[in-house]
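If you want the building blocks of each chain, they are given just below.
Protein chains: 2
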Amino acid sequence: MRCRICGQPAVINMRHHKLSLCAEHYIPWFIKQTERTIHKYRMFTPEERILVAVSGGKDSLALWDVLLKLGYHADGLYIDLGIDGGFGYSSRSKEKVLAFHHSHPEANLHIVDIPGIYAESVPEVARRKHHMRRPCAICGVIKRHEMNRVALSEGYDVLATGHNLDDEAATLFGNVLHWHVGYLQRQGPILPADGEGLARKVKPFARLYERETAAYALLTGIDYIYEECPFAKGATSITHKETLTEMEHKSPGTKLQFYVNFLRAKEEGLLCNAEAQRVELHPCERCGQPTTAARLCRFCRLWE
Amino acid sequence: MRCRICGQPAVINMRHHKLSLCAEHYIPWFIKQTERTIHKYRMFTPEERILVAVSGGKDSLALWDVLLKLGYHADGLYIDLGIDGGFGYSSRSKEKVLAFHHSHPEANLHIVDIPGIYAESVPEVARRKHHMRRPCAICGVIKRHEMNRVALSEGYDVLATGHNLDDEAATLFGNVLHWHVGYLQRQGPILPADGEGLARKVKPFARLYERETAAYALLTGIDYIYEECPFAKGATSITHKETLTEMEHKSPGTKLQFYVNFLRAKEEGLLCNAEAQRVELHPCERCGQPTTAARLCRFCRLWE
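Protein sequences appear in the order of chains D and G.
Yeah, the first sequence ends on 360 if you go by this note's numbering, and it's all consecutive.
Yeah, the second sequence ends on 360 if you go by this note's numbering, and it's all consecutive.
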């Protein structure tokens, strides 16, 4: 297996692209691919201020790194969820983020300490509210709310997350299995700001495989947390990822085609009753963020 | 495992319905489910004449059997494709159809002998036209053409096929993986006649698992051909079936929900640019059946 550009031994073979590259040529290829996705979906311009949600994992730190290398004004946001899982998941992931920020002093890092602000960790909220062992749904509500809050209050133009193609394909797969038309409508590499308090959201890695973001992180020496969130084990999205990975193995490019063809079909007007399904949003009485609920948004109801 | 109705030992456990039944109660349940699907999708009325495409396999013979038991005017159509596969696939499947017809003399059976009429078997056409080892695409063209031809020339109101839920879910899965919007639009348990030469097509088993049609055939003593078509091995649809079956195993009801939710989403107007994608049909210059091609339909071009 040789690098297609220089003929030296390759470090990665991307069967879906029929492309093998050495480390020296992989890194610029990866950065270029990210830039292409940013331009293709008009995610943001060099003048805009970007807030990157960083978890300490490979995807989000790689994204922050690439955006800084591309010269974008990209700051970080770390949300400390207070998850231990027997190995100090949150504190260890925070260390990785702090270390990355230490070596990139040109960028700002915002830290939101959930237990510090709200007097409860995410697992504690989940236990109190729903006696749930898996706090993933509530964790999603909290993260989305806090990301949006910081993006707006600190005057960022756009919120970027490290979702890769494997994440996007698995979400799409789940939405298709249940034919959640509303979710299908909103899924994509860019979700525009709604003009009433929801920041624009972008996923610059949406067309890059998880294997590719991992390779970038490894080859550029980014120190990230290898462990998944302890609550992720057994999640449906992981089962979907396994199914898709098996299909990808049999037929390279399956995930990419599945996702890209979906976006194309949507652009061509596949999902038409989406307008009818679009619900009315109004400001939450407590925090002011848009909500479909009558008085308080889902986040504020967590603390009732 | 006990029958939910009488408490006797059950012969089948349908986890997706949380329902176990003995043979005595399974057979009427299966017939009732088929009748419900016929009514739900307004497939046909007791006054209409139905042509059932029978291959000699469990699904199509079970369908013919159920329609006759329900008192419908249902005749059979067997298309001899001239496939041998080392074990006389076509001649053995024809024997099964003839034996079934022998014990149901109230119904008519039409037989179309492809090698007899067109002087070539289906594998021979495929080899001549495309040097293909797998004649499935061409076989589909020939079967659809001949089914439609007989249905119209013999004055049938509707053409019924034995496609079961596993078939439908696998087809849907393939169409979703590639986001074939046109195919998605046309897929469903009923395809109305177009008024210009395409017969109405219905799939009364579309909501019944393959396991359920097999159980019905076994329990009612229908003698069918166990072997798949020798060319089916390795087909993409079989890979999709395996993937879905694994998912069904982990989460019973996956296939049914996937299919039923798709139909519901479509009814609610999911696929909106379908009208735009609908192509113009005009009669084939040779056979008169509707085609998108300029002069001859795909079937007639096979014999050029």
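These are calculated hints, taken from the structure and not from any lab test.
The model shown is predicted, which means the values in this text are computed figures rather than measured ones.
Hints may be right or wrong, so weigh each one.
Chain copies aren't distinguished; within one or between two, either way the pair holds.
[Stated by the list, open to error] Mimicking DSSO-like on lysine-lysine, the simulated pairs with C-alpha atoms at most 30 Å apart in a straight line are:
#1 K88 with K322
#2 K297 with K322
#3 K74 with K289
#4 K289 with K306
Status of the hints after comparison with the structure:
Taking CA atoms no more than 30 Å apart as the test, K88 paired with K322 passes inside one copy only; the shortest distance there is 25 Å, against 39 Å between copies. For the identical chains of this complex, K297 and K322 are neighbours both inside a copy (22 Å) and across copies (26 Å), given an alpha-carbon limit of 30 Å. In this homomeric assembly, K74 and K289 come within 30 Å of each other (Cα to Cα) only across copies, at 27 Å, whereas the closest approach inside a single copy is 32 Å. Taking identical chains as interchangeable, the C-alpha atoms of K289 and K306 lie at most 30 Å apart whether they share a chain (25 Å) or sit on different chains (15 Å).
Violated hints are absent here; each numbered hint is respected by the structure.
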